[in-house]
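Asks: Let's have the full structure, built from the sequences with the hints guiding it.
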Amino acid sequence: MLKKRIAILVACVVVLATVLTGCGSSNTSGSSTKTTAFKAGMVTDTGGVDDKSFNQSSWEGLQKFGKDNNLKIGTDVKYLQSTQASDYSPNLNQLVHQNYNVVFGIGFLMQNDVQKIAEQNPNAKLGIIDAVAVDKNNKPLKNVASMTFKEEQGSFLVGVVAGLTTKTNKIGFVGGINSALIKKFENGFKAGVKTVNPKAQIYVQYAGAFNAPDKGQAIASTFYTQGADIIYAAAGDTGNGVFTEAKNRAKTGKKVWVIGVDKDQYAQGLPENVTLTSMVKRVDKAIYDVAAKTKAGKFPGGQVLQYGLEQNGVGIAPTTKNVSKKALDAVNSYKQKIVAGSIKVPQTDAEYKSFLSTLK
Amino acid sequence: MSGLLKKVNWMTLVVPLVSVFLGLLCGALIMLAGGYNPLLAYGSIIQSIFLQPYYAGETIRAMIPLVLAGLAVAFAFRTGLFNIGVEGQLMAGWLASVACAIELDGLPRIILLPLSIIAGAVVGGLWGYLPGLLKARFKVHEVISTIMMNYISLYATAYIIKNFLYTEGERTPTIPASASLASNFLANITQGSRLHWGFIVAIIGVILMWLILWKTTMGYELRSVGFSPDASKYAGMNVGRNIILSMAISGAFAGLAGAMEGLGTYQYMTINSAFTGIGFNGIAVALLGMNTPVGVVLAAALFAGLQTGGLTMQSVAGVPVELIQIVIALIIFFIGSSYVIKWALLRFSGRGRN
Numbered sequence: 001m002l003k004k005r006i007a008i009l010v011a012c013v014v015v016l017a018t019v020l021t022g023c024g025s026s027n028t029s030g031s032s033t034k035t036t037a038f039k040a041g042m043v044t045d046t047g048g049v050d051d052k053s054f055n056q057s058s059w060e061g062l063q064k065f066g067k068d069n070n071l072k073i074g075t076d077v078k079y080l081q082s083t084q085a086s087d088y089s090p091n092l093n094q095l096v097h098q099n100y101n102v103v104f105g106i107g108f109l110m111q112n113d114v115q116k117i118a119e120q121n122p123n124a125k126l127g128i129i130d131a132v133a134v135d136k137n138n139k140p141l142k143n144v145a146s147m148t149f150k151e152e153q154g155s156f157l158v159g160v161v162a163g164l165t166t167k168t169n170k171i172g173f174v175g176g177i178n179s180a181l182i183k184k185f186e187n188g189f190k191a192g193v194k195t196v197n198p199k200a201q202i203y204v205q206y207a208g209a210f211n212a213p214d215k216g217q218a219i220a221s222t223f224y225t226q227g228a229d230i231i232y233a234a235a236g237d238t239g240n241g242v243f244t245e246a247k248n249r250a251k252t253g254k255k256v257w258v259i260g261v262d263k264d265q266y267a268q269g270l271p272e273n274v275t276l277t278s279m280v281k282r283v284d285k286a287i288y289d290v291a292a293k294t295k296a297g298k299f300p301g302g303q304v305l306q307y308g309l310e311q312n313g314v315g316i317a318p319t320t321k322n323v324s325k326k327a328l329d330a331v332n333s334y335k336q337k338i339v340a341g342s343i344k345v346p347q348t349d350a351e352y353k354s355f356l357s358t359l360k
Numbered sequence: 001m002s003g004l005l006k007k008v009n010w011m012t013l014v015v016p017l018v019s020v021f022l023g024l025l026c027g028a029l030i031m032l033a034g035g036y037n038p039l040l041a042y043g044s045i046i047q048s049i050f051l052q053p054y055y056a057g058e059t060i061r062a063m064i065p066l067v068l069a070g071l072a073v074a075f076a077f078r079t080g081l082f083n084i085g086v087e088g089q090l091m092a093g094w095l096a097s098v099a100c101a102i103e104l105d106g107l108p109r110i111i112l113l114p115l116s117i118i119a120g121a122v123v124g125g126l127w128g129y130l131p132g133l134l135k136a137r138f139k140v141h142e143v144i145s146t147i148m149m150n151y152i153s154l155y156a157t158a159y160i161i162k163n164f165l166y167t168e169g170e171r172t173p174t175i176p177a178s179a180s181l182a183s184n185f186l187a188n189i190t191q192g193s194r195l196h197w198g199f200i201v202a203i204i205g206v207i208l209m210w211l212i213l214w215k216t217t218m219g220y221e222l223r224s225v226g227f228s229p230d231a232s233k234y235a236g237m238n239v240g241r242n243i244i245l246s247m248a249i250s251g252a253f254a255g256l257a258g259a260m261e262g263l264g265t266y267q268y269m270t271i272n273s274a275f276t277g278i279g280f281n282g283i284a285v286a287l288l289g290m291n292t293p294v295g296v297v298l299a300a301a302l303f304a305g306l307q308t309g310g311l312t313m314q315s316v317a318g319v320p321v322e323l324i325q326i327v328i329a330l331i332i333f334f335i336g337s338s339y340v341i342k343w344a345l346l347r348f349s350g351r352g353r354n
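In order, the protein sequence lines correspond to chains A and B.
Residue 25 in our numbering sits at position 25 of the first sequence, with consecutive numbering throughout.
Residue 74 in our numbering sits at position 74 of the second sequence, with consecutive numbering throughout.
Hints may contain errors.
Only some residues are given here: those of chain A computed to face chain B with a beta carbon under 10 Å [as the list claims (entries may be wrong)]:
#1 41
#2 90
#3 95
#4 97
#5 98
#6 99
#7 101
#8 111
#9 116
#10 117
#11 120
#12 121
#13 123
#14 131
#15 180
To be clear, the hints were calculated from the coordinates, so they are not data collected in a lab.
Note that beta-carbon positions come from the ideal geometry of N, C-alpha and C, so glycine has one too.
Replies: Here it is as structure tokens:
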């Protein structure tokens, strides 16, 4: 009896599978192969395309480019996800081999792979975020557009907001992985705080990961308990733990703030309303720019495109409901000073030290 | 008696094949449910791996560490030990080989390259030796101690790179060419893939495991301890010594896998914030390969093919890369439930005879 049932079950599954696969293949085999359309692709790092941070932002920029130019999302404009570091190279190669007009590698983790593929395929056009692609002689590669951001400038401005908003004069900074990139966030932020509020004490801690919200929450808990009332989280998904902790404290009636990163994270602080402001990094804008330039035949190969305050590549979030008038005015005046060059925001620990000595 | 033996052999071959088939079939059904075309998806895997040299090269490249990690798990398994620590041993070996290559730069290739590979094996072996020692001396269960050793390795390697071997891009400097397994010849014949000479090391590893386990007295003892520690002890074997030895050799295989990544695929080591996954896939590879050297190679080929092909699937058939992970998980799931498959097969074959 049982044998019979299993046999029937197996038979059903097999028949169903063959029928359905047959249907499936006939549906899509008709798709025509257009070769004339402009094609732009990107490869995410292991964070994935829905990381609420720069991978997602990049894809939004690329999608917008596709829509504005009537390109088909998913074929002409496409992303490939990487699940491990060894996927970067095959993914980038895939798009290059399929003759995509421009291929973006998202994040400095892909620098080496982008460089190698650029050298192997001199006719391919590539782009990389947060890194400068160079050849063996340390010269910029002619077929790679390098997009970097002046995160320290945007972080300086949110530091100004934090310095003018804090009541306890204690402010926290939670970093993802302790790296040259996140150091720019940290030093710019500290410089901003100290410029407007020399008495403020700043706690700094790195979680060691961009994908560990539990660690973010633990660090935030320590900082808030030590008396900090504002925490700047430059830590990708780890920063979501800082939001969780702030919301928990807000529920019990304590007034604490979080400063978001990369995107406008106002909505993430709701309903307890804990987002003071966010440091936005317009990766989407950079991707859009380079894709549009490539389409117009002006691919900025070999150039290092720096997106700072001047280009609106970084800055404070458009939502300013929780920022006081005084702080906003200060932000605007410091923004002008930075753009004019009268303030040079420090990037590294050494630069921050000498910056501090100029304040006194 | 001979009939029974035949039946068992037949079963050991068919069960993994059925598992793979069922995994692929369920994957196809899930793809259909998600609105993707499974024929196009699986077709793109086969087409890319067998017809495009680049993907063939990348598949073999991905096989190299998987084979060695699979051998590591299988070797320990033969001695009745479950080495979950391949991941950690792999990272330790990876760092050791890269550090050796960088620090001893200047030595001639004929010395530096083998030395770097051996450094990876030795440190990986040491990382396996410790849990083995704990198990033999203090009865600390190797599953727990190796899992913890994984974390120690993950963060210790990150710390060492950060403080002693750091360069821009969150990684160690690139190793000197004299310690590299990469080859322009192999890259050229595979359209610029990252295929490297490490495949020879993997082949040697496969032969070595077979030789040690089945052609030496030491291997006989190791397997005997795996079958029955009590009987082995009664027969006069030193069970503790064999446990330590088995874990050290297993760790050495894992360390070699790491060395292949360091000297071949990447030419450096990144600061990992999470596990590479190779070690854990190695467990599945060993299980699917029935803990035999040849089986491990075949299973690794399947896993590497799915991994590399999964990337093509993503770009050609538009199937999200998560789905290929589900298919891999399904295959492992069916291997895990091999008892059910065995039972079902026996019922069917039994009916055929009646």
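Asks: Decide, hint by hint, whether the structure agrees.
Replies: Status of the hints after comparison with the structure:
Taken as an interface hint, residue 41 of chain A checks out: its beta carbon lies about 8 Å from the nearest beta carbon of chain B, inside 10 Å. Hint on residue 90 of chain A holds. Least Cβ distance to chain B is approximately 5 Å, under the 10 Å limit. Hint status for residue 95 of chain A: holds, given a least beta-carbon distance of 7 Å to chain B, under 10 Å. The criterion of a C-beta within 10 Å of any C-beta in chain B is met by residue 97 of chain A, whose closest approach is roughly 7 Å, and the hint holds.
Because the closest C-beta pair between residue 98 of chain A and chain B is about 7 Å apart, less than 10 Å, the hint holds. The criterion of a C-beta within 10 Å of any C-beta in chain B is not met by residue 99 of chain A, whose closest approach is roughly 12 Å, and the hint is violated. Interface restraint check for residue 101 of chain A: the shortest CB-CB distance to chain B comes to about 15 Å, outside 10 Å, so the restraint is violated. The criterion of a C-beta within 10 Å of any C-beta in chain B is met by residue 111 of chain A, whose closest approach is roughly 5 Å, and the hint holds.
Taking 10 Å as the C-beta contact cut-off toward chain B, the hint placing residue 116 of chain A at the interface holds, the least distance being around 8 Å. Hint status for residue 117 of chain A relative to chain B: holds, with the closest Cβ pair at about 8 Å, below 10 Å. The beta carbon of residue 120 of chain A is positioned within 10 Å of a beta carbon in chain B (closest approach about 5 Å), and the interface hint is therefore held. At a threshold of 10 Å, the smallest CB-CB gap from residue 121 of chain A to chain B is about 8 Å, leaving the interface hint in force.
Given hint, residue 123 of chain A at the interface with chain B, is violated; its Cβ is 13 Å from that chain's nearest Cβ, farther than 10 Å. Among the interface hints, the one on residue 131 of chain A holds; its C-beta lies about 7 Å from the nearest C-beta in chain B, closer than the 10 Å criterion. Here the hint on residue 180 of chain A is kept, as its CB sits about 6 Å from the closest CB of chain B, short of 10 Å.
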